[in-house]
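Enquirer: Model the full structure from these sequences, guided by the hints.
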Amino acid sequence: MLHGSKRIISIQVRYYKPRRSLFLSSHVCSATFCSHRLKPIESDQPAEKNIVNLFEHILRQCSTIHQAKETHTQIIITRSDQYAFLAARLITVYAQFGFLAYAKMVFQGIPIEHKSNLLLWNSMLRATQSYGYFAESLRLYRKMRNVGIMPDGFTFPLLVRACASIGNLHMCKLVHGHVLVSGFQFHVHVANELIGMFGKLGFMDHARKVFDGMQFRSCISWNSLISGFSKNYNLEDTINMFKCMELEGMEPNLVAWTSLLSAHARCGKFEDVLRLFREMRLKRNGATAEAVAVVLSVCADFYMSYEGIAIHGYVITGGFQDYMFVNNSLICLYGKHGNMEDSSSLFRQMKAKNLITWNSLISSLAEAGLCDEAFEVFSQLEKSGDSMLQPNVITWTTVISGFSSKGRGNECLDMFRRMLYANVDPNSVTFASVLSACGELAILDRGREIHGHSIRSRLDDNILVGNGLINMYMKCGKLKEAQIIFNKLGDRDLVSWNSMIAGYGMHGFGEDCLLTFRQMVEVGQRPDEVTFVAVLSACSHAGLVTEGQQLFDQMVNMFSIQPLMEHYACMVDLLGRAGLLQEACDIVKNMPMEPNVCVWGALLNSCQMYKNTDLAEVAASKIFSLETRAVGSYILLSNLYAACGSWQNSAKVRMLAKTKGLKKNPGQSWIEVQNKVHTFLAGNALQPGLEEVYHVLGDLGLKMETGRYITDGNAELHEGLYNEDKLMVSANY
DNA sequence: ATAGGGTTAG
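Heads up: the first sequence is residues 450 to 1182, going by my numbering.
Quick caveat, the hints were computed from the structure, so don't treat them as lab data. Mixed in with the good hints there might be a few duds.
What the hints assert, rightly or not - In silico EDC-like cross-links for lysine to aspartate or glutamate, where the CA-CA straight-line distance does not exceed 20 Å:
(1) Lys927 with Asp910
(2) Lys1060 with Glu1032
(3) Lys1071 with Glu1043
(4) Lys802 with Glu790
(5) Lys732 with Asp721
(6) Lys802 with Asp771
(7) Lys929 with Glu889
(8) Lys658 with Asp686
(9) Lys855 with Glu825
(10) Lys1109 with Glu1066
(11) Lys832 with Glu822
(12) Lys649 with Glu685
(13) Lys800 with Glu790
(14) Lys937 with Asp910
(15) Lys564 with Asp601
(16) Lys649 with Asp661
(17) Lys680 with Asp721
(18) Lys937 with Glu898
(19) Lys1152 with Glu1140
(20) Lys802 with Glu825
(21) Lys1101 with Asp1063
(22) Lys929 with Asp910
(23) Lys1071 with Glu1032
(24) Lys718 with Glu756
(25) Lys622 with Glu585
(26) Lys658 with Glu697
(27) Lys855 with Glu816
(28) Lys1038 with Glu1015
What the hints assert, rightly or not - Taking CB as the label site, the calculated pair distances span:
(29) Ala1092 with Ile904: 47 to 53 Å
(30) Asp835 with Asp771: 16 to 22 Å
(31) Cys716 with Phe652: 17 to 23 Å
(32) Gly1028 with Asp1002: 16 to 22 Å
(33) Asp1002 with Phe652: 46 to 52 Å
(34) Ile904 with Asn841: 19 to 25 Å
(35) Met554 with His619: 30 to 36 Å
(36) Gly767 with Glu971: 49 to 55 Å
(37) Ser833 with Leu869: 19 to 25 Å
All C-beta atoms in this analysis are idealised placements derived from N, C-alpha and C, irrespective of residue type, glycine included.
Expert: Encoded structure:
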């Protein structure tokens, strides 16, 4: 508590190092304190100017909130709080110390008739915005205009920034209108913010117009324009403006270099990023932490482990190790390269962590396939209780897609439900992950529900979501619905076409598959390796031999795609299934790489179909020598022997597989009833609820027999393919 | 009394 002027001054001296100016002013201070006069906002009296300057000086020196509060008390006692200049400084200082509520109190404490000073409003606007309350700052601006105060060159940059941050196009246009009416469009700071705003909105032609109209440009103007082009993935104009800047005698600084780097990174030019980073360090004798983060993320994304570790070295020598976002990139770098030890130890060592830090660790774990660990860290984050560290869309989506890509669809969908319950809005990436899980699980009802949800979120025309929907409907056997989604999709990419082609192929619609492929080529979408795997395998399943051969030829000669192992396997399968075993053998002999299990397996399968025991033995011995756990091959060979009546050989192969401890992953069929998927295993009568099914099945069988339907004699053998024990019985027969 | 650059999910 303060009781008198002497005490006030002694506090000042205790808190701040005594300086000449401070001692001089203390006389003024006590003099003013004694006079107890209320001061108008603007005063030209020198004595009053002095006390205001003194307090302003003290406020600038405050390093704790307590010092600021003490000084504020003195300001009130001396009635100096009526000075707009001091009130503005108090607002700024309180905001800086994290006490926005105090800043507001200062602002509100000033009577409306004294609120004519723009500095006051600008300070309050800035204080509000520094907390991210952009909408509130715009409301404040309205209030300001309502009391008849006109904005100036300090107000407009704040306003432009506020509506750009909110991202509301209407607001942006409104504020831009105010700027135009006030004639501030080419004011350096206002124009710089406008360029930034248009860059963020993706209106680079507007940004360019503002830039071109400026009479004086600062390097910030150039950098804002360059970063606008970079943010909009316009590499060409980013480079052009960078060069223009040099030509006009403005040497691009480190910030301009950083934008140039990030433009290359965004466009996937990872080699150029590394080259430019070296050039930047040479020419400008250093780098920025932001540039380091960009380069690290490029090293992570393109699996350049060696370069990444070298840049980690530079982080330490260059003194960048205390930047949170640099460390976040490092966590991702090590995580993406499968080095979870270094990734998580970096996480542990970080003193200050933000949500991105947590997301980086979670995504590293998910990337490594450790979705349980990722979920564990997610739970820790959820329980942390920090309101700034609550899982966001990215956190949720990371865990959701982690489960999805591991084939744990039910956990994926559970997390999605929880996410909605937590009131976090899914985005296109979330929908894509969840739809993929629905496709894998083939749960049409849930897929449809999510389709509806994506429509309500107005994301159904997004390419990621569209592709997810096509894939989901295809996997659920709803080919027509997939086609409808595909037809409605505004811009289709390679994935959209591949999903359609693969979907038709998957369900044995060879003609539709080829038709879609031809349409794809017609509209100028270049097919890739994946397209040809889908098309070729469709041909082989539909028995379209000549078409398949032609397509293989087209792939190499028309589209200059080097055939991969998969394509050779498809060709062997295609020819072999058609009974052209010799041609299939030729492919195996002439292919440029050592055939793998899939290629030999395709050949073996064909041998089994056409009962070619000699060739089958060659293929089988190759497969067994490759030391894979290709159980299917043992079963195929065994079946072939059995089909040729060579029971002993058949049993021998079976036993061989058994002694090696190999067990076939049994084939399953499924049906979706009331949002639940029921799976069936051949010969598994132990499954609960199956008695009833078998009962119905028995009835049907009886009806079929009495109705003189002929049952397939091979059915039992076929079933045996999926059930080892059962086949062992038939083999020993 | 201002400003430009950055890191996380597919």
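Enquirer: Work down the list of hints and note, for each, if the structure agrees.
Expert: Verification of the supplied hints:
At most 20 Å may separate the alpha-carbon atoms for a hinted pair to count; Lys927 and Asp910 meet this at roughly 19 Å. Pair hint Lys1060 plus Glu1032 holds up; C-alpha atoms about 16 Å apart against a cutoff of 20 Å. Between Lys1071 and Glu1043, the direct Cα distance comes to roughly 11 Å. Compliance with the 20 Å bound is thereby established for this hinted pair. Among the hinted pairs, Lys802 with Glu790 is consistent with the structure: their alpha-carbon atoms are about 18 Å apart, no more than 20 Å.
Distance hint between Lys732 and Asp721 is fulfilled; the C-alpha atoms sit about 16 Å from each other, no more than 20 Å. With a C-alpha separation of about 11 Å, the suggested pair Lys802 and Asp771 falls inside the 20 Å cut-off, and the hint holds. Among the hinted pairs, Lys929 with Glu889 is consistent with the structure: their alpha-carbon atoms are about 18 Å apart, no more than 20 Å. Annotation: proposed proximity of Lys658 to Asp686 holds, straight-line Cα distance about 14 Å (limit 20 Å).
At roughly 16 Å between alpha-carbon atoms, Lys855 and Glu825 fall within 20 Å of each other, so this suggested pair holds. In summary, the hint linking Lys1109 to Glu1066 is supported, as the alpha carbons are separated by about 18 Å, within the 20 Å threshold. This hinted pair checks out: Lys832 and Glu822 have alpha carbons roughly 15 Å apart, not beyond 20 Å. A threshold of 20 Å between alpha carbons decides the hint, and for Lys649 with Glu685 the separation of about 18 Å falls inside it, so the pair holds.
The straight-line distance between the Cα atoms of Lys800 and Glu790 is roughly 18 Å, inside the 20 Å bound, and the hint therefore holds. Of the supplied pair hints, the one linking Lys937 and Asp910 holds, its CA atoms being roughly 8 Å apart against a limit of 20 Å. For the hint pairing Lys564 with Asp601, the CA-to-CA distance comes to about 15 Å; that is within 20 Å, so the pair holds. The hinted pair formed by Lys649 and Asp661 meets the criterion: a straight-line CA distance of about 18 Å does not exceed 20 Å.
A C-alpha spacing of about 17 Å is found between Lys680 and Asp721, which places the hinted pair at or below 20 Å, so the restraint holds. Taking the CA atoms of Lys937 and Glu898, the gap is about 19 Å. The hint holds against a cut of 20 Å. For the suggested pair Lys1152 and Glu1140, the alpha carbons sit about 18 Å apart, so the restraint of at most 20 Å is met. Simply put, Lys802 and Glu825 have alpha-carbon atoms about 17 Å apart, close enough for the 20 Å limit, and the pair holds.
Using a Cα cut-off of 20 Å, the hinted pair Lys1101 and Asp1063 holds, with the two alpha carbons roughly 16 Å apart. Between the alpha carbons of Lys929 and Asp910 the distance comes to roughly 18 Å, so the proposed pair stays at or under 20 Å and holds. For the given pair, Lys1071 sits about 19 Å from Glu1032 by alpha-carbon distance, which is consistent with the 20 Å threshold. Among the hinted pairs, Lys718 with Glu756 is consistent with the structure: their alpha-carbon atoms are about 15 Å apart, no more than 20 Å.
Only pairs whose Cα atoms come within 20 Å are accepted, and Lys622 paired with Glu585 is accepted, the gap being roughly 18 Å. Between Lys658 and Glu697 the alpha-carbon distance is near 18 Å, which keeps this suggested pair within the 20 Å criterion. Proposed proximity of Lys855 and Glu816 is supported: the alpha carbons are some 10 Å apart, at most 20 Å. In summary, the hint linking Lys1038 to Glu1015 is supported, as the alpha carbons are separated by about 15 Å, within the 20 Å threshold.
Taking 47 to 53 Å as the suggested C-beta distance range, the pair Ala1092 and Ile904 conforms, at roughly 52 Å. Taking the beta carbon of each, Asp835 and Asp771 are about 21 Å apart, inside 16 to 22 Å as hinted. Distance hint check for Cys716 and Phe652: the Cβ-Cβ separation is about 20 Å, which falls inside the suggested range of 17 to 23 Å. Our hint of 16 to 22 Å for Gly1028 and Asp1002 holds, since their Cβ atoms are close to 21 Å apart.
Distance hint check: the CB atoms of Asp1002 and Phe652 are about 48 Å apart, consistent with the given range 46 to 52 Å. In this structure, Ile904 and Asn841 meet the distance hint of 19 to 25 Å, their C-beta atoms being roughly 23 Å apart. The given range of 30 to 36 Å is respected by Met554 and His619, whose C-beta atoms sit roughly 32 Å from each other. A C-beta distance of roughly 53 Å is found between Gly767 and Glu971, which places it inside the suggested range of 49 to 55 Å.
Checked against the hint of 19 to 25 Å, the pair Ser833 and Leu869 passes, with Cβ atoms roughly 21 Å apart.
Going through the hint list in order, the structure satisfies each hint without exception.
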